[in-house]
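Enquirer: Could you put together the complete structure from these sequences and hints?
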Amino acid sequence: MNFWRVLWSMVGKDLRIEWRTKQLFISSLSFALLLVFLMGLVLYGSGNMTRFADAGLLWLLIMMAGLFSLNRQDDKERWDGAIYAATLVPTDRSVLFYARVISHLLFVAVMEIVLVPLYSVVLGTSIQVAWGPIILVLLMGTIGFVAVGAMLTSLALTSSLREILVPLMIFPLSVPLLLGAVEVTSSILQGNWGKGVWWAVIGAYDVLFLGLPGLLYDFIAEV
Amino acid sequence: MSHLLELQGIQKSLGHRSVLNGADLTIDAGEIVWLVGPNGSGKTTLIKVAAGMSTPGKGTVSWFGNRPSPRLRARIGVLLDASFLYGELTAEENLFYYARIYGLQDARQKVQEWLERVRLHRDKHVLVKAFSKGMKQRLAIARAFIHQPEVLFLDEPYDGLDVASSQHLTAWLKAMREAGTGILLVSHEDTAFRGLSVRTLKLSQGRLIKGESP
Amino acid sequence: MKKWQWTLISLLGIGMIVSQYLDFIASPPEAQMGNVVRILYFHVASAIVAFTAFGITALLGLVFLVRKQWIWDQMARVSAEIGMVYTTFVLISGSIWGDAVWNTWWTWDPTLTTTLILWFLYLAYILLRASITDRERAAKVASVYGFIAAIDIPVIHQSVTWWRGIHPNVITMQGFNMPPMMVYTLMFSFVVFLGLYAVILWISTMMAKDRDDLNDLRELARNALAKYDERVGS
Chain A
0 MNFWRVLWSM VGKDLRIEWR TKQLFISSLS FALLLVFLMG LVLYGSGNMT
50 RFADAGLLWL LIMMAGLFSL NRQDDKERWD GAIYAATLVP TDRSVLFYAR
100 VISHLLFVAV MEIVLVPLYS VVLGTSIQVA WGPIILVLLM GTIGFVAVGA
150 MLTSLALTSS LREILVPLMI FPLSVPLLLG AVEVTSSILQ GNWGKGVWWA
200 VIGAYDVLFL GLPGLLYDFI AEV
Chain B
0 MSHLLELQGI QKSLGHRSVL NGADLTIDAG EIVWLVGPNG SGKTTLIKVA
50 AGMSTPGKGT VSWFGNRPSP RLRARIGVLL DASFLYGELT AEENLFYYAR
100 IYGLQDARQK VQEWLERVRL HRDKHVLVKA FSKGMKQRLA IARAFIHQPE
150 VLFLDEPYDG LDVASSQHLT AWLKAMREAG TGILLVSHED TAFRGLSVRT
200 LKLSQGRLIK GESP
Chain C
0 MKKWQWTLIS LLGIGMIVSQ YLDFIASPPE AQMGNVVRIL YFHVASAIVA
50 FTAFGITALL GLVFLVRKQW IWDQMARVSA EIGMVYTTFV LISGSIWGDA
100 VWNTWWTWDP TLTTTLILWF LYLAYILLRA SITDRERAAK VASVYGFIAA
150 IDIPVIHQSV TWWRGIHPNV ITMQGFNMPP MMVYTLMFSF VVFLGLYAVI
200 LWISTMMAKD RDDLNDLREL ARNALAKYDE RVGS
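Protein chains in written order, with numbering that gives the first Met the number 0: chain A, 0 to 222; chain B, 0 to 213; chain C, 0 to 233.
In case anyone wonders, no lab produced these hints; they're calculated from the structure. Certain hints may be false.
Unchecked claim - Below, computed lysine-lysine pairings styled on DSSO-like, alpha-carbon distance capped at 30 Å: (1) K132/B with K75/A; (2) K67/C with K57/B; (3) K21/A with K123/B; (4) K201/B with K226/C; (5) K226/C with K208/C; (6) K201/B with K21/A; (7) K128/B with K21/A; (8) K1/C with K208/C; (9) K75/A with K21/A; (10) K226/C with K57/B; (11) K208/C with K57/B.
To be verified - Reference excerpt, derived from the structure (chain A facing chain B, CB under 10 Å, subset only): (12) E76; (13) R161; (14) K194.
Where is the CB? At the ideal position from N, CA and C, for every residue including glycine.
Expert: Below you can see the structure in the form of structure tokens.
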């Protein structure tokens with residue numbers, strides 16, 4: 000199948016570049032670590048946080064770090080116009096979207112492995128109460144966020160205001176996802192699974208934003 | 000028999016500037032069309048539209064007698080001003096990546112073959128970001144040719160090439176033409192491909208008109 | 000413009016004057032809020048226009064994607080711009096209302112929050128359009144984005160409402176009974192505001208179309224001149 004072959008070639012290429020340079024990883028992670036440190040500093044530990052603050056800050060942190068790396072990844076594709084080659088792939092152009100989702104998801108997931116435990120130590124939240132649900136909500140929330148981000152970077156492909164537009168579109172569009180993820184995470188930290196409706200919101204985002212760009216992509220993938 | 004490439008009444012505006020204004024073009028097997036025109040006359044835009052990278056405002060594009068489709072994209076090759084290469088990958092990895100995208104059976108062998116042809120086989124493990132302009136151009140040519148396209152779009156392919164490489168490129172174009180490839184060539188140079196017989200078209204006010212032969 | 004168009008616009012003008020009369024003179028002050036209630040006629044009507052405008056933008060964007068006729072895109076673009084202006088009105092009048100009634104300029108009420116998000120979403124829509132030079136691409140991208148943003152708005156509103164369900168309720172509309180006269184005034188201002196929106200949309204679309212046509216003509220003239228120069232030169 001053309002589609003799968005191209006998809007894995009693209010993902011493999013992203014991983015190879017990242018493995019070689021580690022630039023994206025190091026820069027995004029340093030940025031995120033700095034944010035964790037600053038949060039710890041200004042909040043003086045989690046004792047001063049309300050119920051939603053620790054989960055909320057954690058998600059904002061993940062989204063900021065994810066956005067930062069999304070922009071960097073985009074730069075790499077633009078170095079000498081490689082991103083335009085994506086319009087010439089001998090299969091459906093949505094392959095570029097899915098390749099970006101997969102490689103960016105892997106990337107953010109690895110970052111979270113470092114970030115989340117560190118966050119819990121610095122801010123004194125106890126994520127170890129329920130590893131399973133925490134990992135599940137992190138994964139589902141990250142998939143949704145990465146999908147929205149990959150779609151928006153494609154939309155803003157030729158925009159001259161790309162760097163500011165992507166954040167300007169991504170945060171308002173992901174409000175329900177952010178609220179859902181924060182609510183669920185916060186409930187898990189309190190020792191229960193949270194409301195089903197919020198899990199449904201996160202799940203719906205994953206399905207919607209993984210599916211919709213696939214349908215609409217041929218309209219937007221060009222230069 | 001249908002044309003390899005046919006453009007009918009292509010219109011395209013960028014911002015409020017209409018760049019193409021009813022451009023018509025056909026390319027048949029074994030034909031080289033040399034496209035000339037002053038800077039900003041829309042040559043690159045025409046290539047982007049013809050290669051399906053950009054949608055025309057009006058008019059139709061057809062490849063091999065059909066509407067452009069994902070499957071048919073495997074049969075065209077494009078070389079633009081940008082090389083489409085990744086700076087963080089080596090020359091070999093770059094070519095191999097594109098060979099895989101096109102699903103070439105003998106990808107590894109093809110990559111080695113083309114690296115030797117463009118005389119980059121000694122530099123194949125060097126990251127492309129360390130390449131000079133000419134080396135990058137040679138690799139970009141290999142990238143555009145590796146899947147043996149039946150229609151080739153070349154935007155200033157001689158740019159940055161030394162004399163030897165230019166001669167090689169002309170020889171390849173000749174060979175490909177004989178194999179039945181249709182080529183749309185944009186170049187401000189005419190000395191480099193003097194040996195080729197080409198049909199000259201001039202892009203003027205967004206239309207294609209017959210131009211003088213070199 | 001044709002005669003019937005002038006007639007419609009004149010009717011709307013009269014309607015607007017009548018609406019002012021109803022808003023400020025005919026309708027009674029509210030029992031607790033007093034005259035502050037009059038902001039509502041303006042505020043709610045603006046909100047209706049804003050939401051309608053964005054709905055129309057999304058719809059026309061889809062029509063453009065299918066039919067590929069520029070007029071739909073021009074209208075969608077104009078509608079988003081009008082929607083943006085009205086959303087700004089909504090936010091400002093809402094703040095004034097909030098200060099007078101709830102003693103706070105801003106509160107994280109679901110509707111307020113959604114409106115603010117709406118404002119950001121369409122700010123991005125306008126910037127996205129303005130920052131892409133390729134006309135076809137700008138139109139397509141904006142249509143896709145407009146559609147996704149519009150279907151996301153109910154989801155955003157619902158999620159913000161659920162979110163608030165767990166916070167203490169600051170604002171309620173309970174015990175806020177409207178006498179018939181207030182209801183009529185409100186309904187009348189809806190009609191007038193939507194009429195005004197329709198007129199602005201129509202005139203601005205014509206203007207946008209003329210502007211695009213003018214640019215096309217200018218390009219034609221430029222091309223013709225260049226051709227002339229070439230002939231004279233050779």
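Enquirer: Each of the hints needs a verdict: does it hold here or not?
Expert: Hints, one by one, checked against the model:
no.	hint	verdict
1	K132/B with K75/A	18 Å, holds
2	K67/C with K57/B	10 Å, holds
3	K21/A with K123/B	22 Å, holds
4	K201/B with K226/C	13 Å, holds
5	K226/C with K208/C	27 Å, holds
6	K201/B with K21/A	48 Å, violated
7	K128/B with K21/A	16 Å, holds
8	K1/C with K208/C	18 Å, holds
9	K75/A with K21/A	12 Å, holds
10	K226/C with K57/B	22 Å, holds
11	K208/C with K57/B	17 Å, holds
12	E76	8 Å, holds
13	R161	17 Å, violated
14	K194	43 Å, violated
The earlier numbered hints that this structure contradicts are 6, 13, 14.
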